[in-house]
Amino acid sequence: MTTDTAVADPTTGEGGVPLLHTLNEWQRRVPLLQLLALAALYVYGLSTIEGFGSQRVLYAILVNASLLGLAGAGQTIVVLVGGIDFSIAAFISAGNVIIAELCGTDHWSTGAAVAVALAVGVLGGLVNGVLSYRFKVEPLIVTLGVSALLSGLVLKWINGSATGVAPAWLGTLTAANGTTFGIGIPPVVVIWAVVAIVIGLVLTRTRAGRNLYLTGVNQSAARLALVRVNRTWIYAYVASAVLATCVGILLAGYSGSGNVTIGDPYLFQSLAAVIVGGTMFGGRGDYWRTVLGALVLSVVALLLSANQLSSAAQDMITGGLILVVVGLYGRERRLRDRI
Amino acid sequence: MNALDFLRGLLGKRPYAFAGLLALLLLVVNTALQPAFLAFGNWAAVLASFAPLAVAAMASTPAILSGGGGIDISIGPLLTLIDIVIVANLLPNGLTSPFVVIPVCLAIGAAIGAVNGVLVAVLRFQPVVATLCANIVIGGLATQVQGDTVPSGSTSWTKDLAGSFGPVPGALLTIGAPLVIWWALSRTPFVKALYAVGGDDATAFSAGVNVPKVRIAAYSLGGLYAGIAGIALMSLISEGAASMSAQYTLLAIAAVALGGTSLAGGRGSLLGSLLGAASIYLINNLLNVVRVSTLWSTAIYGAMLLFAVVVGAVLTNARRRAVA
Amino acid sequence: SKKSSDSTSAGADSSSSSCGTVPAAKFNDTAGLIKALGSDYTAAYSGYSGTVQMSAWANWEGKKSGTITVGISESQLTNPYQTLINNALQKYLKAQGYKVIDLVSTNEVTNQISQFNQLITDKVDLIIYQPLAAGFESVVDKAAKAGIPSISVLNNVADANTVNVVPNAFAAGEAQAAALAKSMGGKGTILGVHGIKGVPIDTDTFKGAKAALAKCSGITLDDSIYTDFSPTTAQTKVQQYLAANPTKTIGGVLEGGPMTTGIISAFQKSNVTVAPVADNGLTKGGVAYWAANQSSYKGVGLFNPADGLAKAVVQVAKHMLDGDGIKASDIVINPPLVTSDNLSNFSKSSFKTGDASTITVGDVGQTFAETSYIDGFFGS
Amino acid sequence: MSEQSQVALEVTGLAKSFGATRALRSCSLRLLAGEVHALMGENGSGKSTLVKILTGVHAPDSGGYRVGGRAVRLGGPAAAIAAGVMAVYQEVLVVGPRSVLENVWLGADGVFRRKISEADKRARAAAVLGELLGEAPDLDTPVEQLSLSDRQACGIARALVREPRVLILDEATSALDVATRDRLFEALARRRSAGMAVLFVSHRMDEVDAISDRVSVLRSGESVATLEAADATTAELVRLMTGAEHLTDIPEGGAPAHRSGPAADAPVLLRVRGLRLRPDADPVDFELRAGETVGLAGLEGHGQDAFINALWHGPAGAGSVARVEVGGETEIRSEQRAAAAGIGYVPRDRRGEALFGTLSIRENFSAATQDKDTRFGLLSRASALGRFAEYRSGLKVRMGRESDPITTLSGGNQQKVVIARWLARRPDVLLLNDPTRGVDIGAKRDIYALLDELTARGVAVVMLSTEVDEHIELMDRVLVFREGSHSTTLDRPSLTRQSLVAAFFGRTVTSSVAGSASPDGDS
Ligand SMILES: Nc1ncnc2c1ncn2[C@@H]1O[C@H](COP(=O)(O)OP(=O)(O)OP(=O)(O)O)[C@@H](O)[C@H]1O
Ligand SMILES: Nc1ncnc2c1ncn2[C@@H]1O[C@H](COP(=O)(O)OP(=O)(O)OP(=O)(O)O)[C@@H](O)[C@H]1O
Ligand SMILES: [Mg+2]
Ligand SMILES: [Mg+2]
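Residue numbers (my numbering), protein chains in the order written: chain A, 1 to 339; chain B, 1 to 324; chain C, 1 to 380; chain D, 1 to 523.
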């Protein structure tokens, strides 16, 4: 389920080097090259930066990657089903503001506030999914519209300024120095690991997941093969919106207060995590790859931060590095293989 | 009913017709609510503030038309970079002549577009991947060129571009240039080759079309247009800040989609993108004219955008269903 | 006014005795308009990055009769500060009996420019705008041609046709850096957390800070972090920085805008002792933390309330509409410095740590730009 | 073939591997100017690979080829076309949204330089399409609005207008309707006398018989023999293609005698009442009995496709389709309903409607039967594999590992996997929309045998086929469609090649052989 034929080394052509073929086979199943890239970057950090191996660095990377990886989970699902979601940032912000306002300003119980946030996620995801499926409108433009509508409504609701403060215990979830049931691992990392296992299993080992791939690869064939394409598509968008809202809730704890632009950086970053992981539009890839993508991006961010480069240099290196990493495994099939 | 059928027929054949009707409708409403909007003296200002988005939308079009998941999300940073290059590098060094500035900008745009094209067509990166990386790199480059403060400056012809050359609104030139270039290219086989490659690249390749060349040309053309958009933006605001990078990319692509161009490639038109951009501009303007409570404006903008695309889809898809 | 010269840098071998002081810096006042107003005014303008010139509205008659309409063009309302300004502007303008047209743009410059055009078409009597970029000269000139004066808030637009009402970011950076350096005893590392690169407030704040720190040879400024003015981004970046530089000890933090809550949280969550953050704009959360940890945390802050600025702007607008005539194109306000000494004036028990919103005049009742100071520009 | 015939194309020792797959081992072939040279071989024997090497799509690992006596190296299709070699590939390759004219002349101009004038293009495109379609369609219609057959005609016209020295047709006729195919054969005959060489890849014996001068056979990537047309009997070809006597006996035209049809008291499984395929067409009534094999035939676009689709999706217009069961009738209104009522459907357009290109063979197989692999909510790989094993051997699917992407299979083998997908649901009624298109003779026989087995078990089969021989050999009766209406039913006794083709054109054959063709216009 992946980039398969694209892996063939361009210099040897389709030539039958058995070892290369075996490696390709492996790469189709396991994201070897992504793992390799991650390991190489980490080792580079270890060898060039003092204290890079410390727990503090590791946890900083993990906490950052958790938030990014969770934000990329929904995008992965939507990309697999053949769509794209540009409203992720708005849902993150909405989840964030709803929690901060309801708990902080209106003194609701956390449970009720979370329920409201999730309901908004479900509703917004439904709008995304239904409009783009029923009316066959480009998902890109639907999600941009929903994004504007949602952030506008949130803005109106709080009359332009978020004043709430998130419940304190929410903050401990995302603290790099936090503990999970007494074990010294930040809770958000554990949450991410659980989510990754669940989503990974759902995608690769359940009917719902399989339907996602079938729909993403060939919608008409999926319909003819009795997949409920409409539900699959719509559920994918709902999942994406709900996951984004959850990231917003976690971020409320992370930053401590509501902020209507908190999701903005996650729009392209989550897409980058998906891409660096090697998931491609229409049924190629899985969530494990996005997990690796988020880790790679977080390690890169930390490496750049440690080197104290100018923000311009950081950007240029990040862009170039993504290109190199993705170039290892995530390229398109040749035209000549598609005749 | 007959009018509706006619409308559907029209929309089915001319995908940009919906954006055209929408833009026309919005223009009428805008003008009805505020006659001064269409006053002759106001044109130059209106067109000048419309030009950057309009040209950015047109710049996003060739890559999308070229198919294979084609999209260029580096248009926003690219036009910002070009804006910054003018105010930070060219004008302060006395390079103020349009015969220097314009060719330099177009060359930078086309060259960066060509790099995107090579990444996509030769190195076979997925277009989103290639142009997302380009987006990040160009953003960094723009920050670098900008320096510590936001550079600003202008010269007489750039002021005229944001105003008017005699009676002619300057923005007509920046908005018209991409259309004219497109028209000239459609006199060559290029535009047809572009649609063919976008419609089915494997077929085009099997028939002997030089697919990589067509794709590289498409991305270069988009870059060239981004150069024009950069000039339009620079003349309007007389300064350049890297932080503006993010603004145009998604808005421009939304305009392209609204203009009836399929993001799957091979269907659509440059004119559609212009009309899509006009619709978005006029929706925003309408919100100003009717002075909706400021806190509502973002939400209403989103709702109107959704409403417009859904109505467009209902009208167009009905026709498609009838054909099938 | 706040030149404390007694720097008792105990055992600071390398720091010179002037560390922690704020020297008067030059600014562009070619026509001598500010000099003519006296030393209080020149002190407030110290280091101001704009150019004070003779305003085009010096002899404007104003508009004394009929309904007076004031147009507001605000850039997007995505942070609380902007919303506060917008609300306060409307409130004070309406209190004067003016009719208000309030437009808010997206974060796109072209959108705001077309909005500005809209206000000209609406034939308002005066425009108050908070520009997304400095490129407003052409529309400002167009408005002036139509007889409409404009007031730029927060960011200055270099054009005699517009009146700028802005806080002095250079002086703010200078004062905060000096106070921070002093509390650090003239040595150590200061972490600089920028806002968006090139945004004038950020640039000027750090210019001022660097001018003050130039006197402190024992202090190094590490300002490689750039954010988007959001506390969350600041938190992420600072946390990354702390993790990636485990050997560095940070003695204090300077910021380009109000991101204090995120920065404090980054220190806490990295298990690093929270370094004093110069709370640039004075956030409720920052003050709450500061007040609760007064024994260990020697903070600094700058009171820069949105409603205070709005009030000053409306005062300027009223003078102009009354035909009082404004000579100087730039009205600069020097925001007051908050230190542990006067913290109690700015602190309230209702403030919660983590609350990223900024403190307003309405919250604490402290004055920002005194009425007499603004009146002084109009010679009345 | 006269002695002085020139060699148009000569291939020596070509070999090509894709990863571990050796698609071509050693292929040698000589194509003479002015001949139609058929190329046959089992699915996956390397025919298309050879075609792609000859047109520069793939570079060979070893071996070489000479065009018109000159050794050439082809970097891509453009170079091949310049050298005078042009192919119509196995899939229908057209650019849907573009006009007929643009599709016909695709690639003829440079990217920026125009080489042929617009007027010239129109005239020549109209002439060639006229030859193929009787009358040329509107040259400005988007190709996607044409029928599959007409679309393929545009693809063929693309090759013909360029007047290549060597024309290669890779199963190009499989998408054509009978009339167009016959016109194509006439057009080829005219060009053959002008010296064009044609390499003709097909799995259809009747076509090979009709136009080829010589036949070459590929087996597992090796060229095993070249025969004169006269010597190329089906039995001989199958022997050469498989390398062994094929076990199924091969009927040489005409219907085999052993077919018995359904029992007289077989229950009705499917009932169609008053189904209108077009608003202006006559309604169709139809009953399908258990154990029956019913063929749907007609010229492309005359309603047979709409009919089989209506059995699956439910009627688009007036009329009803019902599944008859012991307890009563179930109206078919959606594919979900149809499937629940025990109907299975193998669609026609493999690439567009059946294949999940990037997914594995196993995942493609189990797409419609995932419920059978679910253990504790999770999909079991072993279960899917176990189920697939049966079909893999039964249908003789040639493949590597089950985890390989389906695209690594040859077209015929892909088709077998798609059929297996539906067989695995164990349907009572199987709807097959041209299922053997592109399937080799051997595999076809495997599929036929399988259908026999199914019908023997009481499964009813409705099969649309574009291949006349298939109807003759397989069907208990054939419904012929004409202009959206069901025009004739040909029963077993009246089913001959002549009567069927005549029925396509609305005529009845009055010869002694097919005297009993029954026109049933008013039922
Ligand atoms: N084979 C097909 N070809 C073309 N369009 C189809 C096909 N099948 C369904 N559609 C269209 O696609 C849309 C969704 O079909 P689908 O069957 O998935 O949804 P549904 O029937 O409304 O819902 P459910 O599956 O829950 O019954 C419908 O508008 C239908 O007209
Ligand atoms: N691009 C490719 N990558 C990997 N394997 C391939 C590729 N193309 C062909 N093959 C394999 O090469 C072998 C020969 O395939 P080819 O398409 O030439 O067969 P064919 O004789 O044309 O079969 P058919 O009659 O089914 O069209 C098959 O096993 C096929 O799976
Ligand atoms: Mg083949
Ligand atoms: Mg259904």
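Quick caveat, the hints were computed from the structure, so don't treat them as lab data.
Predicted, not measured: the structure shown is a model, and the values here were computed from it.
Mixed in with the good hints there might be a few duds.
[Said to hold, decoys possible] Label-pair distances were calculated between CB atoms; the ranges are: (1) Ile197/A to Trp296/B: 29 to 35 Å; (2) Trp296/B to Ala168/A: 30 to 36 Å; (3) Ser39/C to Leu46/A: 46 to 52 Å; (4) Leu33/B to Thr105/A: 33 to 39 Å; (5) Gly176/B to Gly400/D: 38 to 44 Å; (6) Val130/A to Phe185/D: 47 to 53 Å; (7) Ala264/B to Gly377/D: 56 to 62 Å.
[Stated by the list, open to error] Pairs of lysine-lysine, DSBU-like flavour, derived with a Cα cap of 30 Å: (8) Lys64/C to Lys142/C; (9) Lys156/A to Lys210/C; (10) Lys94/C to Lys159/B; (11) Lys121/D to Lys213/B; (12) Lys213/B to Lys115/D; (13) Lys63/C to Lys123/C; (14) Lys26/C to Lys248/C; (15) Lys35/C to Lys348/C; (16) Lys91/C to Lys327/C; (17) Lys91/C to Lys156/A; (18) Lys156/A to Lys123/C; (19) Lys136/A to Lys13/B; (20) Lys348/C to Lys156/A; (21) Lys142/C to Lys187/C; (22) Lys115/D to Lys13/B; (23) Lys142/C to Lys159/B; (24) Lys94/C to Lys156/A; (25) Lys156/A to Lys35/C; (26) Lys13/B to Lys372/D; (27) Lys318/C to Lys145/C; (28) Lys372/D to Lys396/D; (29) Lys99/C to Lys145/C; (30) Lys159/B to Lys145/C; (31) Lys159/B to Lys327/C; (32) Lys64/C to Lys248/C.
Every residue gets a Cβ at the ideal spot worked out from N, C-alpha and C, and that includes glycine.
Each hint, compared with the structure:
1. Ile197/A to Trp296/B: 29 to 35 Å: Violated - the Cβ-Cβ distance for Ile197/A and Trp296/B, about 43 Å, lies outside 29 to 35 Å.
2. Trp296/B to Ala168/A: 30 to 36 Å: Check passed, 34 Å falls within 30 to 36 Å.
3. Ser39/C to Leu46/A: 46 to 52 Å: 59 Å, violated
4. Leu33/B to Thr105/A: 33 to 39 Å: 37 Å, holds
5. Gly176/B to Gly400/D: 38 to 44 Å: Roughly 58 Å apart at Cβ, these two residues miss the hinted range, so it is violated.
6. Val130/A to Phe185/D: 47 to 53 Å: Once the Cβ atoms are compared, 51 Å apart, the range 47 to 53 Å for Phe185/D and Val130/A holds.
7. Ala264/B to Gly377/D: 56 to 62 Å: 35 Å, violated
8. Lys64/C to Lys142/C: OK: Lys64/C and Lys142/C at ~23 Å, within 30 Å.
9. Lys156/A to Lys210/C: 40 Å, violated
10. Lys94/C to Lys159/B: 36 Å, violated
11. Lys121/D to Lys213/B: Between Lys121/D and Lys213/B the Cα gap is close to 23 Å, so the pair holds against 30 Å.
12. Lys213/B to Lys115/D: 17 Å, holds
13. Lys63/C to Lys123/C: Status holds; Cα separation ~13 Å.
14. Lys26/C to Lys248/C: The given pair, whose Cα atoms are some 35 Å apart, is violated under the 30 Å limit.
15. Lys35/C to Lys348/C: Distance ~38 Å between Lys35/C and Lys348/C Cα, so the pair is violated.
16. Lys91/C to Lys327/C: With a Cα-Cα distance of about 27 Å, the restraint between Lys91/C and Lys327/C holds, given a limit of 30 Å.
17. Lys91/C to Lys156/A: Between Lys91/C and Lys156/A the Cα gap is close to 18 Å, so the pair holds against 30 Å.
18. Lys156/A to Lys123/C: Answer holds: Lys156/A to Lys123/C is near 28 Å, not above 30 Å.
19. Lys136/A to Lys13/B: The hint holds at about 17 Å.
20. Lys348/C to Lys156/A: Given that 30 Å is the threshold and the Cα spacing comes to 28 Å, the pair holds.
21. Lys142/C to Lys187/C: Violated - the C-alpha atoms of Lys187/C and Lys142/C are around 52 Å apart, more than 30 Å.
22. Lys115/D to Lys13/B: 29 Å, holds
23. Lys142/C to Lys159/B: 12 Å, holds
24. Lys94/C to Lys156/A: 21 Å, holds
25. Lys156/A to Lys35/C: 45 Å, violated
26. Lys13/B to Lys372/D: 46 Å, violated
27. Lys318/C to Lys145/C: Holds: Lys318/C and Lys145/C sit about 21 Å apart, inside 30 Å.
28. Lys372/D to Lys396/D: 23 Å, holds
29. Lys99/C to Lys145/C: 22 Å, holds
30. Lys159/B to Lys145/C: Holds: Lys159/B and Lys145/C sit about 16 Å apart, inside 30 Å.
31. Lys159/B to Lys327/C: Since the Cα atoms of Lys159/B and Lys327/C sit roughly 27 Å apart, the hinted pair holds (cutoff 30 Å).
32. Lys64/C to Lys248/C: Judged against 30 Å, a Cα distance of about 62 Å means the pair is violated.
Hint violations for this structure: numbers 1, 3, 5, 7, 9, 10, 14, 15, 21, 25, 26, 32, all remaining hints satisfied.
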